[in-house]
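> Take a look at the letters that make up each chain.
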Amino acid sequence: MSEEEAKSPEDSEEANGDGLLHMTRRKFLWLTGAGVVGALAVGRFGCYSTEQWEGQVLARWEAHTMAAAALALIPDEPGRWPTEGPTPWEVAANVDRYLSGMPQAMLREIRGMFVLIEQGTLLGCGIRRFTRLPAAKRLDVLLTIRDRGEMFALAFEGIRALCYVGWYQDDHTWQRLGYDGLMIQREGPPAVPTPEQSAPYQELVAEPGAVPRGVL
Amino acid sequence: MIYDASTFDLPIRIKTDLCVIGSGAGGAAAAAVAAELGLDVVVLETGPFVPPSVMNQREEDMMPALLRANGSQTTTDGRCTIIQGRALGGSTVHNTNLCKRIPDAILDEWEETRGMKYLPRSRWEEIYQQVEAALDVSPIESHRVNHHNQLFQRGCEALGWDSGGLLHNRNGCVESGFCSLGCSYDAKNNAAKIYVPRIVEADGQIFTHCQAVRVLHRDGKAYGVEAVALEPTTRRSMGSVTIEADQVCVSASATGTPAILLRSDIPDPSGETGNRLTIHPALVAAGEFDKPVRGWEGIPQSIASSEFLDFEAAHPPQDAGDAARARAEEVGHRTWLIPVFAHPMSTATIMPGWGKEHRRLMERYDRMAVFTAMVHDRSHGTVRPSGELDLDIEWSPAEPDRRELLFGLARTAELLFAAGAKRVFAPHRPLIELEPGDSLSPLHDIDLTTGAIDLNAVHPMSSVPMGDDPSNAPVDSRGKHHHIDGLWVADGSLFPTSIGGPPQLSIYALGVHVGQSIADL
Ligand SMILES: Cc1cc2nc3c(=O)[nH]c(=O)nc-3n(C[C@H](O)[C@H](O)[C@H](O)COP(=O)(O)OP(=O)(O)OC[C@H]3O[C@@H](n4cnc5c(N)ncnc54)[C@H](O)[C@@H]3O)c2cc1C
Ligand code: SF4
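For the record, the sequence lines run as chains A and B. Numbered by our numbering, the letters in the first sequence go through residues 414 to 629 in order. Numbered by our numbering, the letters in the second sequence go through residues 2 to 522 in order.
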């Protein structure tokens with residue numbers, strides 16, 4: 414998905430003057446979409462670092478936002494990154510892989526969440542976008558978003574969950590938990606890739622491109 | 002054979018006798034039986050084929066490979082996570098293999114309220130026996146009960162609560178504990194292992210990465226299915242797959258099936274399609290122990306407690322007196338208690354908080370036991386199609402279910418303390434932390450409407466409930482649609498109510514029943 418696509422707001426429903434609470438999911442998406450437009454107008458989507466990004470789902474700015482949120486939420490103290498696991502940028506890459514194939518509606522919500530977080534400072538009349546703030550201030554922004562409740566609280570929960578999806582999938586984070594990881598990597602009974610066991614399944618599968626019976 | 006539809010020369014049009022949509026417990030069983038009885042069968046499955054040799058026990062790989070929305074499906078308000086499978090074999094590939102028949106009190110109620118003339122008790126007995134034999138259902142031997150489940154049992158014994166072993170469908174289990182991510186050892190007797198080979202053996206054809214969009218029908222008769230092949234990574238439509246078939250069986254699960262029927266404008270004067278969803282909602286509490294529990298090791302669930310699950314009380318006969326009716330409304334008859342455990346990534350997303358607080362909680366991971374209270378729910382949710390490929394689920398607990406959920410949560414805490422926990426956590430935002438002797442009232446006082454605590458569900462059901470009277474049911478007790486000829490349903494949607502226990506056995510049985518009914522026609 415291109416960055417342009419990633420920025421298109423859902424346009425099926427209009428925002429009304431209900432205020433920020435009690436909003437439907439669609440209104441939330443519209444609002445975050447409107448945030449994108451506003452942000453573009455003030456040039457807040459430019460100038461991200463040119464660090465190599467080969468994500469399939471997240472745009473570069475979303476990866477930056479993800480990494481910045483990780484730096485605020487994962488360590489004991491915002492900004493003091495723990496040494497045992499992936500870097501914030503690797504957390505973003507892990508999240509990107511995890512999101513691949515998500516239903517489009519959910520991806521739209523996730524994009525809305527990133528807009529809200531990166532441009533959420535706009536809601537509080539802040540000038541600097543989220544990724545430009547020091548880590549402790551980022552945590553403040555995230556908590557301000559959470560405290561608005563309803564869909565905003567869900568957006569906070571969403572980014573929080575993604576941080577842990579990106580962090581705890583890395584084997585290096587497991588030792589602290591006492592978790593000994595995958596059984597197939599330990600001494601133990603062999604998993605199924607033994608030829609005798611996997612053969613019956615392979616025999617069920619047609620060659621890629623094979624033409625099924627009954628084609629009209 | 003199993004064909005990957007994403008490799009077809011698209012668009013493609015195929016003729017068959019029966020098109021089955023979905024390859025989970027219901028669809029795979031229905032397709033296998035119908036194919037063995039001589040029908041030419043095509044099964045459409047939106048997910049991939051993930052054989053055991055590909056299963057690598059990693060959450061970040063297996064959840065996207067096996068689960069709808071990569072395991073993140075929620076109700077539209079985001080408050081309840083509903084986990085469902087989307088792979089060949091459906092939710093049976095990643096489930097925890099518990100097997101249980103529907104209790105008599107519920108079957109009695111269904112007969113009273115829905116007729117069920119094609120599904121008398123003798124028929125249930127017949128199809129249960131067939132499925133139990135096919136899946137090799139057996140008791141989980143006591144030496145396989147892991148420490149986590151032993152703690153659960155110890156707590157029940159200390160409190161004098163009923164508890165007992167469970168039945169499962171596994172052979173050759175090496176007790177790896179990775180059931181929820183698919184079995185790398187091929188020990189699960191699931192739909193992919195038991196029924197898919199039977200479909201292929203009987204010359205049936207299965208198309209993976211192929212999502213049904215709508216049932217084609219005209220003049221009150223089904224004549225096929227409009228589907229699309231999906232690009233395996235992005236899951237976007239690559240082109241159309243049209244199936245011409247005189248019989249169509251929708252088995253896309255209790256969420257997928259009503260979404261397809263509604264998108265297809267299938268008439269239903271009863272108004273029940275997509276409007277009676279039940280889910281067995283659950284809340285969890287975690288307890289911290291002095292010594293390691295290592296809940297991820299071994300068979301995940303082998304002991305449960307039915308102390309607060311009284312089907313007779315919850316389902317009085319229609320002619321019962323006022324006292325029995327009042328008793329049915331009392332709290333504490335609809336809660337099933339059982340241990341649950343997740344691997345680190347999923348556990349971390351459930352644990353509340355961030356920063357230091359969250360890291361300290363996760364440091365206790367190996368010393369934690371987690372028990373859940375699953376409710377035999379009565380609240381009705383809805384399923385609606387969303388665009389051509391997606392769906393929206395709404396479910397929130399009505400007052401009786403809300404009370405039952407919080408009652409259950411308090412019992413899990415009680416049980417954890419009785420098992421020896423020195424501290425109990427409810428994953429509420431903010432965290433609720435209790436010590437032995439503390440009042441449990443903070444748990445009873447939780448407001449479930451604010452989203453401060455997450456509900457979880459793994460058993461969506463009853464969204465296209467069967468019944469012999471077309472005025473109150475879309476399909477009859479054979480799974481045959483009342484208003485469209487040649488249209489059938491065979492999955493968890495068919496239950497008229499929630500069933501209060503693990504549903505797979507009964508869904509497989511309904512699949513067998515519907516498959517035979519289609520072939521008999
Ligand atoms: C974590 C977990 C643990 C569980 N543990 C147990 C247990 O121990 N015991 C038990 O009894 N039950 C358990 N269950 C529940 C049980 O697995 C399900 O109730 C059962 O598999 C449902 O059967 P089904 O046929 O209704 O749907 P599913 O098995 O979910 O199958 C539906 C299939 O249809 C496919 N599909 C959906 N839409 C379309 C479409 N439009 N086109 C093509 N294909 C489509 C899906 O991809 C899926 O493969 C568990 C479930 C979960 C999530
Ligand atoms: S516990 Fe048994 S059934 Fe579950 S994944 Fe391990 S070997 Fe397979």
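Bear in mind the hints are in silico, worked out from the structure with no lab data behind them. Please note that the accuracy of each hint is not assured.
[What the hints assert, rightly or not] Covered by chain B, per the in silico footprint, the following chain A stretches (three or more residues, Cβ under 8 angstroms):
1. 489 to 503
2. 512 to 519
3. 590 to 601
[Stated by the list, open to error] Derived Cβ-Cβ restraints for the label pairs, each shown as a range:
4. P495/A to R379/B: 41 to 51 angstroms
5. Q517/A to A325/B: 45 to 55 angstroms
6. E227/B to R541/A: 45 to 55 angstroms
7. P431/B to R626/A: 54 to 64 angstroms
8. E616/A to L432/B: 46 to 56 angstroms
9. A314/B to V624/A: 16 to 26 angstroms
10. H585/A to P431/B: 54 to 64 angstroms
11. T451/B to D553/A: 19 to 29 angstroms
12. P431/B to D593/A: 29 to 39 angstroms
13. R541/A to E358/B: 24 to 34 angstroms
Ideal placement from N, C-alpha and C gives every residue a C-beta, glycine not left out.
> All the hints need checking, so say for each whether the structure fits it.
Checked hints:
Note: the stretch 489 to 503 of chain A has 4 residues with beta-carbon separation from chain B under 8 angstroms; the three-residue rule is met and the coverage holds. Counting residues of the stretch 512 to 519 of chain A whose C-beta sits closer than 8 angstroms to any C-beta of chain B gives 8, which meets the bar of three, so the coverage hint holds. With 7 residues having a beta carbon nearer than 8 angstroms to a beta carbon of chain B, the stretch 590 to 601 of chain A meets the requirement of three or more and the stated coverage holds. A beta carbon spacing of about 46 angstroms between P495/A and R379/B agrees with the range 41 to 51 angstroms that was offered as a hint.
The beta-carbon spacing between Q517/A and A325/B, approximately 49 angstroms, falls within the hinted interval of 45 to 55 angstroms. One distance hint, 45 to 55 angstroms for the beta-carbon pair E227/B and R541/A, holds here, with the actual separation near 50 angstroms. The hinted range of 54 to 64 angstroms is satisfied by P431/B and R626/A, whose Cβ atoms lie roughly 60 angstroms apart. Look at E616/A against L432/B: about 52 angstroms separates their beta carbons, and that is inside 46 to 56 angstroms.
As the Cβ distance of A314/B to V624/A is approximately 58 angstroms, the hint placing it in 16 to 26 angstroms is violated. Between H585/A and P431/B the Cβ separation comes to about 29 angstroms, which falls outside the hinted range of 54 to 64 angstroms. Between T451/B and D553/A the Cβ separation comes to about 22 angstroms, which falls inside the hinted range of 19 to 29 angstroms. For the hinted restraint 29 to 39 angstroms between P431/B and D593/A, the CB-CB distance of approximately 31 angstroms keeps it satisfied.
One distance hint, 24 to 34 angstroms for the beta-carbon pair R541/A and E358/B, holds here, with the actual separation near 27 angstroms.
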